[in-house]
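Participant: Chain by chain, the residues run as shown.
4 protein chains.
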Amino acid sequence: MYRHYVQYYETDKMGVTHHSNYIRFMEEARVEFFKNIGLDYFEFEKKGLISPVVGINNCRYKRPSTAGDTLDIDVAIKAIGTVTFTMQYVMKNKDVVVFTGESEHCLLGKDGKIVPLSDKRVASLTEKLQKFIA
Amino acid sequence: MYRHYVQYYETDKMGVTHHSNYIRFMEEARVEFFKNIGLDYFEFEKKGLISPVVGINNCRYKRPSTAGDTLDIDVAIKAIGTVTFTMQYVMKNKDVVVFTGESEHCLLGKDGKIVPLSDKRVASLTEKLQKFIA
Amino acid sequence: MYRHYVQYYETDKMGVTHHSNYIRFMEEARVEFFKNIGLDYFEFEKKGLISPVVGINNCRYKRPSTAGDTLDIDVAIKAIGTVTFTMQYVMKNKDVVVFTGESEHCLLGKDGKIVPLSDKRVASLTEKLQKFIA
Amino acid sequence: MYRHYVQYYETDKMGVTHHSNYIRFMEEARVEFFKNIGLDYFEFEKKGLISPVVGINNCRYKRPSTAGDTLDIDVAIKAIGTVTFTMQYVMKNKDVVVFTGESEHCLLGKDGKIVPLSDKRVASLTEKLQKFIA
Chain A
183 MYRHYVQYYE TDKMGVTHHS NYIRFMEEAR VEFFKNIGLD YFEFEKKGLI
233 SPVVGINNCR YKRPSTAGDT LDIDVAIKAI GTVTFTMQYV MKNKDVVVFT
283 GESEHCLLGK DGKIVPLSDK RVASLTEKLQ KFIA
Chain B
183 MYRHYVQYYE TDKMGVTHHS NYIRFMEEAR VEFFKNIGLD YFEFEKKGLI
233 SPVVGINNCR YKRPSTAGDT LDIDVAIKAI GTVTFTMQYV MKNKDVVVFT
283 GESEHCLLGK DGKIVPLSDK RVASLTEKLQ KFIA
Chain C
183 MYRHYVQYYE TDKMGVTHHS NYIRFMEEAR VEFFKNIGLD YFEFEKKGLI
233 SPVVGINNCR YKRPSTAGDT LDIDVAIKAI GTVTFTMQYV MKNKDVVVFT
283 GESEHCLLGK DGKIVPLSDK RVASLTEKLQ KFIA
Chain D
183 MYRHYVQYYE TDKMGVTHHS NYIRFMEEAR VEFFKNIGLD YFEFEKKGLI
233 SPVVGINNCR YKRPSTAGDT LDIDVAIKAI GTVTFTMQYV MKNKDVVVFT
283 GESEHCLLGK DGKIVPLSDK RVASLTEKLQ KFIA
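Taken in sequence, the protein lines are chains A, B, C and D. When we follow the working numbering, the leftmost residue of the first sequence carries the number 183, and every step to the right adds one. When we follow the working numbering, the leftmost residue of the second sequence carries the number 183, and every step to the right adds one. When we follow the working numbering, the leftmost residue of the third sequence carries the number 183, and every step to the right adds one. When we follow the working numbering, the leftmost residue of the fourth sequence carries the number 183, and every step to the right adds one.
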């Protein structure tokens with residue numbers, strides 16, 4: 183589980199966390215998730231593989247949060263396809279769900295071409311992700 | 183149509199516009215859209231009505247963009263429900279679609295309660311939105 | 183000491199942390215500093231006092247940092263004037279100073295008027311700040 | 183003169199433009215300034231020269247601004263040194279100055295080494311900047 187402490191600069195004039203920032207918190211939690219399962223995202227990049235976001239889906243803003251709140255973020259793998267995998271996120275503020283959302287990712291090689299998830303270059307990634315399917 | 187000129191600070195170390203910023207560009211285009219149809223969003227707020235984002239859906243990152251690019255953003259109404267309406271966005275960089283996405287919104291009154299779209303307080307809004315259904 | 187783990191979305195296409203984000207890290211460290219000395223900034227606001235930034239000065243970008251880096255941020259009070267106080271920040275990445283900067287703040291009451299630092303309403307704040315003059 | 187239309191996501195819970203964003207508006211105005219004097223910043227980068235911010239100084243937040251406001255930003259060259267040049271910015275909201283600030287920049291070559299402003303590689307830049315000294 184990843185924790186994000188909501189900052190003053192992440193709020194807007196409505197007095198709450200701006201909706202775009204949850205997309206950033208998803209990224210924070212994702213980087214931490216990869217780190218925890220032994221897949222350092224930045225190491226990954228050094229090997230010439232990048233993993234761009236290709237989709238953001240089903241984001242539901244259930245309750246507002248604001249500066250000073252602590253968001254507990256759970257990450258899991260929702261699905262693994264042939265070229266993309268989907269991650270899901272649940273964010274809670276003191277046990278109350280404030281946000282749920284999903285991100286979809288593909289893998290690109292040095293040549294900018296899509297690397298299928300069955301490719302041996304990413305076999306260890308795919309194998310690890312499968313263990314975290316929700 | 184709304185134009186966003188991509189800024190340096192909106193890119194990330196992958197060299198492209200960070201995916202979270204498109205959610206912000208959607209907001210920029212939405213505010214402009216409301217203004218153009220005679221619904222100044224900030225005036226709206228002064229009347230005690232707020233329109234929070236309750237969902238972000240079906241965002242597809244089709245092509246990267248980067249600092250210096252000009253994004254042309256088309257906005258339309260996808261659907262009007264009983265308590266929420268959904269807006270859709272198509273962003274193009276020199277006629278090539280780079281991003282499509284949707285945002286869902288509800289209306290809240292001064293008491294923080296949901297205002298149904300059939301409510302007379304928002305009749306002019308609902309009526310206007312109906313003209314822009316895609 | 184406050185720690186900030188640099189996020190991917192905080193970098194730019196130059197591959198490093200965008201310079202504007204250090205101003206945000208200053209705020210993060212400042213909020214934590216106030217909390218640590220028993221002055222919860224958000225509680226402070228509930229009492230009707232706000233403390234806007236009136237100046238950002240002497241920011242020196244000495245070394246770049248990037249996503250994955252951990253910044254250790256030291257905060258101290260540089261000076262206390264009649265209506266403003268100045269805070270100073272030193273940010274290190276593995277013991278190497280990457281950034282130093284200063285922020286200047288005043289206090290505003292519910293009426294939007296400046297509250298002098300000698301005012302009894304803010305006596306506990308001024309007293310506490312004096313202990314942390316560098 | 184450059185115009186920035188303040189966005190909702192650029193405000194904070196105090197109801198005003200977050201102070202860190204003015205640093206970003208400075209960058210926007212700077213990029214436009216370079217473009218206008220025939221020095222396309224992004225072209226500049228393609229030639230292997232980068233111009234990082236080495237200092238942010240004397241930023242004064244004189245009046246708040248908020249979403250919906252239009253900021254008119256004037257840019258000028260304050261000083262040209264041997265290795266850095268300093269730019270100054272005045273931002274107005276309907277003719278009222280809301281912010282003034284300065285940024286200091288150096289030039290780095292492909293090797294990451296500082297390029298003196300007297301270097302022939304940057305002669306055209308230095309020459310042009312001199313015309314805009316305030």
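The set of hints was computed from the structure by calculation and includes no laboratory data. All C-beta atoms, glycine included, are put in the ideal place defined by N, C-alpha and C. It is possible that part of the hints are untrue.
[What the hints assert, rightly or not] Keeping only pairs whose Cα atoms sit at most 20 Å apart, straight-line, the calculated SDA-like set for lysine to any residue is:
#  : chain 1 : residue 1 : chain 2 : residue 2
1  : D       : 244       : C       : 264
2  : A       : 292       : B       : 248
3  : A       : 217       : A       : 251
4  : B       : 260       : B       : 312
5  : A       : 228       : C       : 251
6  : D       : 295       : C       : 248
7  : D       : 244       : C       : 315
8  : A       : 217       : A       : 295
9  : B       : 217       : B       : 231
10 : A       : 292       : B       : 244
11 : D       : 244       : C       : 251
12 : C       : 244       : D       : 244
13 : A       : 244       : B       : 248
14 : C       : 260       : C       : 315
15 : B       : 228       : D       : 260
16 : C       : 244       : D       : 288
17 : D       : 260       : C       : 237
18 : D       : 217       : D       : 235
19 : D       : 274       : D       : 259
[Claimed, not checked] Calculated from the model, a selection of chain D residues having no Cβ within reach of chain C, i.e. all distances over 10 Å:
#  : residue
20 : 209
21 : 300
22 : 303
Participant: Taking the earlier hints as the rules, which of them does this structure contradict?
Facilitator: Going through the list in order, the structure violates hints 3, 7, 8, 11, 12, 13, 15, 20 and respects the others.
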